[in-house]
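Peer 1: Here is how the chains run, residue by residue.
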Amino acid sequence: MTRDEALFQFLLRMGDNTLILGHRVSEWCGHSPVLEEDIALANTALDMIGQTQLWLGLAGEVEGKGRTADNLAFLRDAWDFRNVLMVELPNGDFGQTLMRQFLYDAWSFVMTDWLRGSADARVAAIADKAHKEVTYHLERSGDTVIGLGDGTPESHSRMQAALDYLYPYSGEMFEKDKADELLSEAGIAPDPAELRAEYDDIVGRVLAEATLAVPGGAYVHKGGRTGRMHTEHLGHLLTSMQWLQRAYPGAAW
Amino acid sequence: MARPSVDQVWEWLDAVPDPEIPVISLVDLGIIRGVDWQGDTLIVSLTPTYSGCPATSVIEMDVDTALRGHGIEKLELKRQISPPWTTDWLTEKGRAKLEDYGIAPPQPAGGPSRCPQCKSTNLERISQFGSTPCKATWRCRDCLEPFDYFKCI
Numbered sequence: 004m005t006r007d008e009a010l011f012q013f014l015l016r017m018g019d020n021t022l023i024l025g026h027r028v029s030e031w032c033g034h035s036p037v038l039e040e041d042i043a044l045a046n047t048a049l050d051m052i053g054q055t056q057l058w059l060g061l062a063g064e065v066e067g068k069g070r071t072a073d074n075l076a077f078l079r080d081a082w083d084f085r086n087v088l089m090v091e092l093p094n095g096d097f098g099q100t101l102m103r104q105f106l107y108d109a110w111s112f113v114m115t116d117w118l119r120g121s122a123d124a125r126v127a128a129i130a131d132k133a134h135k136e137v138t139y140h141l142e143r144s145g146d147t148v149i150g151l152g153d154g155t156p157e158s159h160s161r162m163q164a165a166l167d168y169l170y171p172y173s174g175e176m177f178e179k180d181k182a183d184e185l186l187s188e189a190g191i192a193p194d195p196a197e198l199r200a201e202y203d204d205i206v207g208r209v210l211a212e213a214t215l216a217v218p219g220g221a222y223v224h225k226g227g228r229t230g231r232m233h234t235e236h237l238g239h240l241l242t243s244m245q246w247l248q249r250a251y252p253g254a255a256w
Numbered sequence: 013m014a015r016p017s018v019d020q021v022w023e024w025l026d027a028v029p030d031p032e033i034p035v036i037s038l039v040d041l042g043i044i045r046g047v048d049w050q051g052d053t054l055i056v057s058l059t060p061t062y063s064g065c066p067a068t069s070v071i072e073m074d075v076d077t078a079l080r081g082h083g084i085e086k087l088e089l090k091r092q093i094s095p096p097w098t099t100d101w102l103t104e105k106g107r108a109k110l111e112d113y114g115i116a117p118p119q120p121a122g123g124p125s126r127c128p129q130c131k132s133t134n135l136e137r138i139s140q141f142g143s144t145p146c147k148a149t150w151r152c153r154d155c156l157e158p159f160d161y162f163k164c165i
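Protein chains in written order, with our numbering: chain D, 4 to 256; chain W, 13 to 165.
Derived from the structure by calculation, the hints contain no laboratory data. Treat each hint with caution, since some may be false.
[To be verified] Residues on chain D that point at chain W, a partial pick, calculated with CB under 10 Å: (1) P36; (2) E39; (3) T47; (4) A48; (5) T55; (6) A127; (7) A133; (8) K135.
Positions of the beta carbon are idealized from the N, C-alpha and C atoms, including for glycine.
Next comes chain D alone, as it looks inside the complex (with noise of 0.2 Å):
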């Protein structure tokens, strides 16, 4: 594996959660407990697809085939997906669409955090760029976990249950193979295992204020980042991101 290729894998990573969490969360808009939640969840899943289209735009530079962002998005199929299994489950309930983004902003915080100081500027320069979207995402994700959290009964008891079911998947983020390795010898990407020390004090800290419970139990959910093995998730939300793009080839406006 070439560091090239390493990079384009890592690139590939970045840009698929953003894309596939901000379609995700994009699913919202319209449905939206209140309206203001609403705004604030299409606000947030535009800054992620904006960030995609970076992540993406550039793995098709470093890739050096030619393909363009949106042909990295709506042309590949499952198994060429590379994000981690968490941003694909479905949204379930708002607290649980909200938990799973708390769960992902941390660690999008952390790593953005990181790569700002990569030795690749430009991955340095999106980093950056995402990296203020980001902190805003995770102050309001936070909020609205601690105020679930620690607001009635069957709010708490929604957030718990949403915690013990996600919490098994946020161990993908961590994870590290070869391409990894090659990366952080460079100097352009973390260690993923590194930034675990932060991620655990930010999400500790806002979990114990929401008096929810972290799960115990090592187990870890796996196979997206890698794309060994998708959930069948991913197939479902592809074909209704990618239909239009499947019907009609090329269809620009």
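The hints should help you fit chain W onto chain D, whose structure is shown.
Peer 2: What follows is chain W alone, placed relative to chain D:
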């Protein structure tokens, strides 16, 4: 035609309104990062406010239309993301125009300093987000009017 000066081009760009908040110009917004001649080609660098802001491509079209309208034939627009846009780049003129228009300008403290309508400081946040990626929604507890706040990033 003679090559217009860089200052002249900046002046033209200061007359191009932001498509979402037409009361301020693209120059007021601080998203024009550079105007330079390279030979007979004019290079204009723009930076997006938010990475997913849908106005970015409309803005590029508006800049293109405006400058071609002033007779610029060879024009290249560059999208530059580093350093990332910050609300510190809003001009003083832009901040004043925002407030006149009813949008509270960004403050380092992270919230509006006063109601753009009645100037009261008795305010509450309704939502961290608003009608565009760059705004949040607040309300004045005195005049009871909701208003947009330009988020500080």
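Peer 1: Taking the earlier hints as the rules, which of them does this structure contradict?
Peer 2: Result: hint 1 breaks, nothing else.
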